[in-house]
Amino acid sequence: MGWFEFVLDRYNYWIVIVLMMTGLYIVFARGNLVKKIVGLNLFQTSVFIFYITIGKIAGGTAPIYIDGELDHGDDAGHGEGVAAGHETVVGDGSESLHQAPAEDGANALPHAEEHASEALSSKIENTFAANDLKAGLESVEPSADAGSLHTAPDGADKIANDSLLHLEKPAAPGFEVEGGADAANALADVVHHSSEVIYTNPLPHVLILTAIVVGVATTAVGLALAVRIREAYGTIEEDELETMDNVAEFGDTAAAGLAS
Amino acid sequence: MNFAEQLPVLPVITPLILAPVTLLLPQGRAPHLFATFVSWLTFAACAFLLAAVSDVGVISYHLGDWAPPLGIEYRIDLANALVLMLVSGIAAVVFPFAYASVRLEIDERQSTFFYCAMLICMTGLLGVTITGDAFNVFVFLEISSLSTYALIAMGARRDRRALTAAFNYLVMGTIGATFFVIGIGLLYQATGTLNMADLHDKLAGNSSRVVGAGFAFIVVGVGLKLAMFPLHLWLPNAYAHAPSAVSAFIAATATKVAVYVLIRFFYSVFGFDFAFEAAAFTWVLLPLGLAGMFVASFVALFQEDVKRMLAYSSVAQIGYMLLGLSFATVEGLTATLVHVFNHALMKGALFMAVACVVFRAGSHSIDAFAGLSKRMPVTTWAFILSGLSLIGVPLTVGFVSKWYLLEAAFAAGHWYAGFLIVASSLIAVLYIGRIAEVMLLREPHEEGRYAIPAKDAPLSMLIPMWVLVGANIYFGVRTGLTVDIATRAAEALMLTAGGAP
Amino acid sequence: MDHAILKVTTKILFAPIILFALYVQFHGDYGPGGGFQAGVIFAVAFILHAFCFGLEATKKALPQKALIIAMVIGLLFYAGTGVATMLLGANLLGYDAIDPESTHHAGQHYGILLVEWGVGVTVASTMLTIFYHFTGRERDIDQEDW
Numbered sequence: 000m001g002w003f004e005f006v007l008d009r010y011n012y013w014i015v016i017v018l019m020m021t022g023l024y025i026v027f028a029r030g031n032l033v034k035k036i037v038g039l040n041l042f043q044t045s046v047f048i049f050y051i052t053i054g055k056i057a058g059g060t061a062p063i064y065i066d067g068e069l070d071h072g073d074d075a076g077h078g079e080g081v082a083a084g085h086e087t088v089v090g091d092g093s094e095s096l097h098q099a100p101a102e103d104g105a106n107a108l109p110h111a112e113e114h115a116s117e118a119l120s121s122k123i124e125n126t127f128a129a130n131d132l133k134a135g136l137e138s139v140e141p142s143a144d145a146g147s148l149h150t151a152p153d154g155a156d157k158i159a160n161d162s163l164l165h166l167e168k169p170a171a172p173g174f175e176v177e178g179g180a181d182a183a184n185a186l187a188d189v190v191h192h193s194s195e196v197i198y199t200n201p202l203p204h205v206l207i208l209t210a211i212v213v214g215v216a217t218t219a220v221g222l223a224l225a226v227r228i229r230e231a232y233g234t235i236e237e238d239e240l241e242t243m244d245n246v247a248e249f250g251d252t253a254a255a256g257l258a259s
Numbered sequence: 000m001n002f003a004e005q006l007p008v009l010p011v012i013t014p015l016i017l018a019p020v021t022l023l024l025p026q027g028r029a030p031h032l033f034a035t036f037v038s039w040l041t042f043a044a045c046a047f048l049l050a051a052v053s054d055v056g057v058i059s060y061h062l063g064d065w066a067p068p069l070g071i072e073y074r075i076d077l078a079n080a081l082v083l084m085l086v087s088g089i090a091a092v093v094f095p096f097a098y099a100s101v102r103l104e105i106d107e108r109q110s111t112f113f114y115c116a117m118l119i120c121m122t123g124l125l126g127v128t129i130t131g132d133a134f135n136v137f138v139f140l141e142i143s144s145l146s147t148y149a150l151i152a153m154g155a156r157r158d159r160r161a162l163t164a165a166f167n168y169l170v171m172g173t174i175g176a177t178f179f180v181i182g183i184g185l186l187y188q189a190t191g192t193l194n195m196a197d198l199h200d201k202l203a204g205n206s207s208r209v210v211g212a213g214f215a216f217i218v219v220g221v222g223l224k225l226a227m228f229p230l231h232l233w234l235p236n237a238y239a240h241a242p243s244a245v246s247a248f249i250a251a252t253a254t255k256v257a258v259y260v261l262i263r264f265f266y267s268v269f270g271f272d273f274a275f276e277a278a279a280f281t282w283v284l285l286p287l288g289l290a291g292m293f294v295a296s297f298v299a300l301f302q303e304d305v306k307r308m309l310a311y312s313s314v315a316q317i318g319y320m321l322l323g324l325s326f327a328t329v330e331g332l333t334a335t336l337v338h339v340f341n342h343a344l345m346k347g348a349l350f351m352a353v354a355c356v357v358f359r360a361g362s363h364s365i366d367a368f369a370g371l372s373k374r375m376p377v378t379t380w381a382f383i384l385s386g387l388s389l390i391g392v393p394l395t396v397g398f399v400s401k402w403y404l405l406e407a408a409f410a411a412g413h414w415y416a417g418f419l420i421v422a423s424s425l426i427a428v429l430y431i432g433r434i435a436e437v438m439l440l441r442e443p444h445e446e447g448r449y450a451i452p453a454k455d456a457p458l459s460m461l462i463p464m465w466v467l468v469g470a471n472i473y474f475g476v477r478t479g480l481t482v483d484i485a486t487r488a489a490e491a492l493m494l495t496a497g498g499a500p
Numbered sequence: 000m001d002h003a004i005l006k007v008t009t010k011i012l013f014a015p016i017i018l019f020a021l022y023v024q025f026h027g028d029y030g031p032g033g034g035f036q037a038g039v040i041f042a043v044a045f046i047l048h049a050f051c052f053g054l055e056a057t058k059k060a061l062p063q064k065a066l067i068i069a070m071v072i073g074l075l076f077y078a079g080t081g082v083a084t085m086l087l088g089a090n091l092l093g094y095d096a097i098d099p100e101s102t103h104h105a106g107q108h109y110g111i112l113l114v115e116w117g118v119g120v121t122v123a124s125t126m127l128t129i130f131y132h133f134t135g136r137e138r139d140i141d142q143e144d145w
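Chains as they are written, first to last, in numbering that gives the first Met the number 0: chain A, 0 to 259; chain B, 0 to 500; chain C, 0 to 145.
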C-alpha cells in the first residue's frame, strides 16, 4: 500500500491543495462580488497553511521563548549572564526572526538535529551577548573592530555559526573563547537544555504574519469596492453589472445580444 | 548620519515617511505641493544613487545592520538603478502635472488621500525595484498594488466603471501576488533562504520538482502583475477608467517594474543552469510575447476609447519586452531594458496628452479628438510626437528600442521574430494614424457633447507633458546614455546568470 | 429599544479589553503578541462600544479626525525610529545605535518597543477607520434587499 502511505504522509499538503483549489474555484465560478472576496480569502489562507507547514518541525513547539529555560543553569558563575540573557532574547530573538533559518534547511533533511542546532545557535547568541559580546567578537574574529556596532550582528552570527561547526563534537570542546571557562560552561548548559526543547522554524510564521496583514488590507479594499459598486449600480452580481455596462456603452439591443 | 552610506535607503524611506504627513495638511494646494516636493526629493536621491552605482558598482545596504544572507538587503546594481531612475523620474513629472487634472476629476475631499496614495504607490514600486530580498518584493508589490486599486477606484466620480475595473484588478492582482508568494515559499522550502543572491548560490544545479514548481508559480504570478498576454485582462479597463493622472503614472511605471522583477528572477535568481529556464524562454515568453504583440495591437485598432486603445498598445509593448528577454542574450536583455525605459517615456507622454484632452473635452472617446489640432494644438503635437515615438520613427526613443530589439532578434537567430516586430509596428502606425487623422483632418464639433473651447490645457499640465515629449526626442537622439547603462546592466545580469557575456 | 444588559456588560468589559490590549502590546517582546494584535484588540473595544451605544456615541468619544492623526503619528513613530537610528549613525532600523554603550543589545529592546508602539497605534486607528466607514455609510438600500 505504498501509495496510501504516500498520500497519508503528506496530508498537510493535500489540505493546502484542496483549500487552494476551492478558493480559486469560488473566485472564478461565483458571480457575487462578496463571494469572490471570500474565495480569495480562502485561497490566501491555504497559502498561510502552506507556509506554516514549511516551518513545522516534528516534535517542535511553537517558537516562543520558554521562560526559565536558561535559568536551569546550576553554575552560579554565570548567573548574571543568565539574567541578562533573558533580556536580550527580546531584542535579538524578535528581530532575528528573519535570521534564524540560515542554518535551517527546512526541507526533508533530518529535522531534529538540525533544529536542535538552530535553537542552540540562537541561545548561544543570547548567552554570549549576555556574557560579553565584545570579548567573543575579539576572539572569534580578531580583525573585527570590537567597538564598531556595525559588526555586532555579524559577529553574533559568526559565533553562532562557529558553534554549529563544533556541534558534532561532544560538548563543544573546540570552542575557543578567551577566559572561556565561563562561556564553555554556558555552552554545555545550552547544549544540554536545547536537546530538550525544539522550536519550530519561526521565519515562516513571521512571513505569514506579513502576508496576513496584506490579506486583511486586500479584503478591506475589496469589500469597500463592493460597497461602492452596490451604491453605484444597485447590485453586486457580476453578470448584471456587465449587462448594465454594456447597455450604457452600446445601447439596449446590442447588450441583449451580448448577454444571451 | 553619513549621507553616502544611507543613500540606498533614501528612495524608499523618503516617500514612505512623508506620505502620511500629506494627510495632516489642509485641503487645497498644500498636499499637492508637498507631494510634488517629495517626488523631486526622491528623484534626486535616485539620481545620486545611479551616479554612485555607475561609479562603484553594486551597492549593498543592510537593513537594521543585519548581514545579508540573514537580514534584509537592499542591493542596487545598474539594472535596478535604471528602473529606480525611471519610476522616480516619471513620478517627478506626473506629480506637478496632476494638480489641474485631479481638481477636475476627483472629489475635493479625496484629493489629500489621492496624493498620499500616489506617494505610497511610488514607495511600493521603488521598494520592489531596490530590494534584494525575495519576500520583500512581495510586500512592496502589494503596497503598490493596494494603493493602485484605491487610486483607480477614485475614477468613479466620472465613470462608475472605474469601480468594477478596480475590483477586477484587485482579484487578478491578488491572485498574482499569492501565486508569487507560493513560489517564494517553495524556493524557501528548497533552500532555506530568501536573499536573492543567496538563493542564486543555493539553487545552483538544483532543478528539483519543488524548485520547478516554485519557478512556475513565480512566472505566472509576476506575469499577472505585468499583464503578460493572455493574463492582461485586468489592464485595459483599469487604465481606461482610472483618473487621468493615475493612468499616466501607472501605465508608465507599474508594468515596467513587474518586467524588472521577472528579469531579476530569471537572471539573478534562477540563472541558466536551471533546467526549466531555457524551456520557459522558448515555449512561454517567446510565443506569448509574439502573440501579445499582434493580438493586443489588433484589438487596439478597433477601440473607440483612446485610453483603452493606449492600454491595449501597452500590452503589445510588453510583448516586445518579453521577446527581448526571451532571447537570453546580452543584446536581447539590453533591448528589453532600453525598451522598459523608453516605453515608459512614450506611454507617459501619450497618457498625459489624453489627460489634457479630458481636461478640456471631458471625455477620452475618439470623438472628443475630432479636429483637436484646431482647438488644442500644443496637446495635439505632443500626442503626435509621442505617437511617432511609439511607432518607432527615427530620432525618437521608440526607434532606439526597436532597433536594438531587431538587432537582438537577428543576432539570436530568430529572424522571423525580426519580421514580426516590423509587422506589428505597422499596426501601431495604423492605430496611432487613426487618431492623428481624426485630430488633424476632421472638423471639430461645433456643438454637442464633444464641443470644446479653443483653449489649450493649462501650463501646469503642458510643461510636464512637454518635458516627457522632450525626453522622447532627447534620448532618441543621444542614444548613448540609456543604451550604455542598459548594456552594462545586461552584461552584469548575464554574468550572474551564467551565460556567455 | 434599550438593551440594559448589553450596555452594562459592555461598560464592564471595556476597560479589561483595553488592558488586555496593552498587555499584548508590551508582552509582545516576550511571547505571542505585539503591535498588530494589540491594535486589533484595542479597536475591538471601541467596536463593541459602537455596537451597543451606536456609532454616533463612539464617534463622539473617538472622532474620525483623531483617528487619521493617530494613524499618521503611528506610522511616523515607526519610520521615525528607523530614521533616528540613521541619524545616530547606524543603518535604517539599526537599533543598536539607540544604546551603543549597552553590552547586551539594550538598543534592540528599545527599538522594537518603539516600533511596536507605532504599529499598535496605526493598526488600532486603521481598523477603527475601516469600521467607521463601513458602518457609517448612508443606508440607501432596503433591509430586504440584503
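Think of the hints as simulated: they come from the structure by calculation, not from any bench.
Any given hint could turn out to be false.
[Said to hold, decoys possible] A few chain A residues that don't get close to chain B, going by computed Cβ distances all over 12 Å:
1. W13
2. I14
3. I53
4. A57
5. G221
[Said to hold, decoys possible] Across the chosen pairs, the derived CB separations fall in these ranges:
6. A:W2 - B:L22: 54 to 60 Å
7. C:G53 - A:K34: 27 to 33 Å
8. C:G88 - B:A51: 46 to 52 Å
9. C:I68 - A:V6: 53 to 59 Å
10. C:L21 - A:I211: 38 to 44 Å
11. A:E236 - C:A3: 37 to 43 Å
12. B:F301 - C:F133: 36 to 42 Å
13. B:A51 - C:Y109: 40 to 46 Å
14. B:F301 - A:G1: 35 to 41 Å
Note that the coordinates shown come from a computational prediction; the quantities given were computed from them, not determined experimentally.
Where is the CB? At the ideal position from N, CA and C, for every residue including glycine.
Next on the checklist: Within 27 to 33 Å: is that where the Cβ-Cβ distance between C:G53 and A:K34 falls?
Outcome noted: Taking Cβ atoms as reference, C:G53 and A:K34 lie about 30 Å apart, which means the hint holds.
Checklist entry - Regarding B:A51 and C:Y109, is the given constraint of 40 to 46 Å on their beta-carbon distance met? => result 32 Å, violated
Checklist entry - Would the least Cβ to Cβ distance between A:A57 and chain B come out above 12 Å? => result 15 Å, holds
Item to check | Status of the given 37 to 43 Å range, CB of C:A3 versus CB of A:E236 | outcome: For C:A3 against A:E236, whose Cβ atoms are near 41 Å apart, the range 37 to 43 Å holds.
Item to check | Outcome for the supplied range 54 to 60 Å, where the beta carbon pair is A:W2 and B:L22 | outcome: Given about 58 Å between the Cβ atoms, the range holds.
Next on the checklist: A cut-off of 12 Å on Cβ-Cβ distance, and A:G221 was said to be off the interface with chain B. Does that hold?
Outcome noted: 5 Å, violated
Checklist entry - Taking C-beta pairs only, is A:W13 more than 12 Å away from all of chain B? => result Holds, because the least Cβ-Cβ distance between A:W13 and chain B comes to about 15 Å, which exceeds 12 Å.
Item to check | Distance restraint evaluation - C:G88, B:A51, Cβ atoms, bounds 46 to 52 Å | outcome: 19 Å, violated
Checklist entry - Does the Cβ-Cβ separation between B:F301 and A:G1 fall within 35 to 41 Å? => result 57 Å, violated
Checklist entry - Does the no-contact call for A:I14 survive, Cβ to all of chain B over 12 Å? => result 15 Å, holds
Checklist entry - Are all C-beta atoms of chain B more than 12 Å from that of A:I53? => result Violated: least Cβ distance 5 Å, not greater than 12 Å.
Checklist entry - Has the hinted range 38 to 44 Å been met by the Cβ atoms of C:L21 and A:I211? => result This hint is violated: roughly 22 Å between Cβ atoms.
Hint compliance for this structure: hints 3, 5, 8, 10, 13 and 14 are not met, and every other hint is.
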